[in-house]
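Number of protein chains: 2
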Amino acid sequence: METRTLVKNVLNTTYEEIPSSVVEHAKKSIQNWMGVAIGAAYHESMDMVLELKEDLNSGEQVSVLGRPEKVDLLLASLTNGMSSHIFDFDDTHLDTIHHPSGPIAPVVFALGEHYDLEPKELIRAFVLGCEVELRISNAVYPSHYSLGWHITSTAGVFGAAAAAGILLKFDEEQMLHALGLAGTQSSGLREMFGTMTKPFHPGKAAQNGLLAALLAKKGFTSSKQVLEAKRGFASVLAPEYNLDRINENWGTQWELLKNAFKPYACGIVLHPSIDACIKLRDYASVKDVKEIEVTVNPYVLELTGKPEPQTGLEGKFSIYHSATVGFLEGDAGEDQYKDEVVLRPDVVSFRSKVKPTVDPNMQEDEATAKLTLINGEEHTVKIEHATGSIENPMTQEHLDTKFSKLTQPIIGAENGKKVIEKVGNFENLSSIKEVIELCTSKNILV
Amino acid sequence: METRTLVKNVLNTTYEEIPSSVVEHAKKSIQNWMGVAIGAAYHESMDMVLELKEDLNSGEQVSVLGRPEKVDLLLASLTNGMSSHIFDFDDTHLDTIHHPSGPIAPVVFALGEHYDLEPKELIRAFVLGCEVELRISNAVYPSHYSLGWHITSTAGVFGAAAAAGILLKFDEEQMLHALGLAGTQSSGLREMFGTMTKPFHPGKAAQNGLLAALLAKKGFTSSKQVLEAKRGFASVLAPEYNLDRINENWGTQWELLKNAFKPYACGIVLHPSIDACIKLRDYASVKDVKEIEVTVNPYVLELTGKPEPQTGLEGKFSIYHSATVGFLEGDAGEDQYKDEVVLRPDVVSFRSKVKPTVDPNMQEDEATAKLTLINGEEHTVKIEHATGSIENPMTQEHLDTKFSKLTQPIIGAENGKKVIEKVGNFENLSSIKEVIELCTSKNILV
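Keeping their order, the protein sequence lines are chains A and B. Numbering follows UniProt numbering, with no gaps: position 91 of the first sequence is 91. Numbering follows UniProt numbering, with no gaps: position 257 of the second sequence is 257.
No lab work stands behind these hints, which were simulated from the structure alone. Any given hint could be a false lead.
Since the list gives no way to pick one copy over another, a pair counts as held whenever it fits inside one copy or between any two copies.
In silico lysine-lysine, BS3-like type, Cα no more than 30 Å apart, as pairs [as the list claims (entries may be wrong)]:
id	residue 1	residue 2
1	K442	K218
2	K306	K405
3	K218	K338
4	K405	K442
5	K442	K418
6	K230	K306
7	K287	K353
8	K70	K217
9	K279	K290
10	K338	K279
11	K53	K218
12	K258	K279
13	K405	K258
14	K224	K338
15	K169	K217
16	K217	K338
17	K382	K28
Because the structure is a prediction, the values reported are computed rather than measured.
Assemble the whole structure, with the sequences as input and the hints as a guide.
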């Protein structure tokens, strides 16, 4: 009955029942999502996906953030979900390494723009869509993720369907069928990490979830117990699971509040190491460095052990590169993961000075960096909670700076400021179109 | 290296290297697929999916079999793949319970019509697409299916991408990326059996496979080792697997030759029981029957143990109903699985006389039916190989009759005959459009 209980919980939760702290965190999440989506809007993989519009002679309905094109609801969901994950710079539910906005926000924006829906209802759909996907993630993490599923898309598709179902005003039966249709499309392999197919995943989850809802709206039938059935989602996709996690503390505990934002444009497990290397800049200049020993949880090195990355994308999976730019440039934003930076001689040379070691007693958001100078001097920095963690969150000012850096080349500084202001006041907007039109069509500088 | 070897095998196999027996079986498979697709073209679920054209303002490119609409390549793949599985009357690779044509033929027809491709090349794409999906099925069956995956869609998506890649003239690298993109979309839960979402699966596999190929064509990158990687398809979706099965005996053994056609519009495991009950008609009339004891493999009853079905669809998962119509009507075609037949008083009443029992020594294509009359007389019929099995295949005449019954109400008897003739001569057609135009637009009677 977990699926039905979840559906009842979702449908019975009004906007007014969502605490203001959750609404505020939803708006931060949306701002952060828009920033990373707009920033990557002209990535070559985006051009490829948008060419489908010509290939398929498909319809013009809603906007692609950061681009002038209008595309149909499903293609918009795919593209806006994909762009937001291209830089690996989007939000993270730290308990489950799930990036919640990617599968949900594109559906909320597509339906919101197409039907010009009430902004408070859009926030409600966003929040509850995130709760659905994150609670399902809680139920199957870590066995599901360890097996090799990209949890952002496998669980995200349920949240996308739920968000769409809210906006399409579903009753209980329609929502059950929508979740069934969503679950049967659940997919996405971690094997794809490091290729364009990784960011494709949250986009496809958004698209599949919206498709599920569009069909359920018409009376299309599916299983009404997709989560708990003998051959349902949990049993088939997770070696171990706890379905109680899905509905426990509904309405009193909000998973979205555990959503963290990244200061650096790479996997969250690298962030404490980067924090540490930035701090080490106080102790030496480049020419004096003999080596930097970075000590991390073993899992970190498993994910990011690439010693000689050749592309920006590979750099994001390299603790060697990430520690290097942290020390050399004092930042690890999208600029530090450009192909030309990864191949720059001073960067290549410094990477060989980075010596990662592992310590199973370290937490994943913890790192130590020990700087050894040529003269033998040593300095050690310990990061207990990386910037962007729940214990050490990014401030609104940080988030605004991140948004501006990402979006300025695409929509300009002035429009960027207006977007920040309007998203901060999202629930009182007269229409979501006020926000979207600042990020599309004539406002594109590229 | 299994993925790369498979890609080399596919790309290096020319039309001329495909044995004529395989080409002949491919044409039978295509004819059977067209029959079941056209027959179900006006099912209510088809109307729902085709409404997406309006919802999305999507393009008009290619045909939906049995309907006047033209839709875009992706929607055509979804609809033509779905319609062919709606009646559960499509083909079956008996070794893996995989229905091979559903995910492949829609892609071949969509691209074939859109680009007016050479019919021999279409046959090549169909055959090799089927080989890809069936060999991947062999590698993961039975553990993958037992776990709960609908193997027709999970493996089918690879075949769909491969067929599309052949028709889009891929090189080795493009084909590798296409298979990666396909594998990461692999999905479909057996939990959906008995709902509209079951036939949605092969359609979605066709659509996802085509999408994978359309993106790979543009240079979209993915894993090049999706089948064998540590977190690839086999490892994540199958508790046990044997990757050697994928490429063994390539070019000498053809999985498509093991593709069987169904005489009855329900799961293949019910066919021997229906055969047996049809034979029992020789021994008694309805009023004299006390009971019919049907003995089957335990797995059969697990899949079809519904004693009191309420809809035609549920009837297809009921050995009680299937044995009943076999005895009462001497057939179990689509007509015997209409809602009104399932609810007819004489049918409901007779169902209670059907007593299934299980015997682990019985094969899945084997059944015994023992008729006990009210006067105590007993008659037993044993079916060693059901009609439509490899050992007892449907003849071309049987297939033609099945095609005509299914399609006559939609495209008329005369066009049906022409389709049979043209598909039988597929490799020599000047264009696939000769076949398609007989099944669409002005030729629709409905």
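Each hint, compared with the structure:
no.: 1; hint: K442 / K218; result: between (36 Å within a copy, 27 Å between copies)
no.: 2; hint: K306 / K405; result: within (27 Å within a copy, 61 Å between copies)
no.: 3; hint: K218 / K338; result: between (46 Å within a copy, 22 Å between copies)
no.: 4; hint: K405 / K442; result: within (20 Å within a copy, 57 Å between copies)
no.: 5; hint: K442 / K418; result: within (15 Å within a copy, 55 Å between copies)
no.: 6; hint: K230 / K306; result: between (40 Å within a copy, 17 Å between copies)
no.: 7; hint: K287 / K353; result: within (12 Å within a copy, 91 Å between copies)
no.: 8; hint: K70 / K217; result: both (24 Å within a copy, 23 Å between copies)
no.: 9; hint: K279 / K290; result: within (17 Å within a copy, 88 Å between copies)
no.: 10; hint: K338 / K279; result: within (23 Å within a copy, 73 Å between copies)
no.: 11; hint: K53 / K218; result: both (25 Å within a copy, 13 Å between copies)
no.: 12; hint: K258 / K279; result: within (26 Å within a copy, 66 Å between copies)
no.: 13; hint: K405 / K258; result: within (25 Å within a copy, 59 Å between copies)
no.: 14; hint: K224 / K338; result: between (46 Å within a copy, 23 Å between copies)
no.: 15; hint: K169 / K217; result: within (9 Å within a copy, 39 Å between copies)
no.: 16; hint: K217 / K338; result: between (43 Å within a copy, 25 Å between copies)
no.: 17; hint: K382 / K28; result: within (29 Å within a copy, 69 Å between copies)
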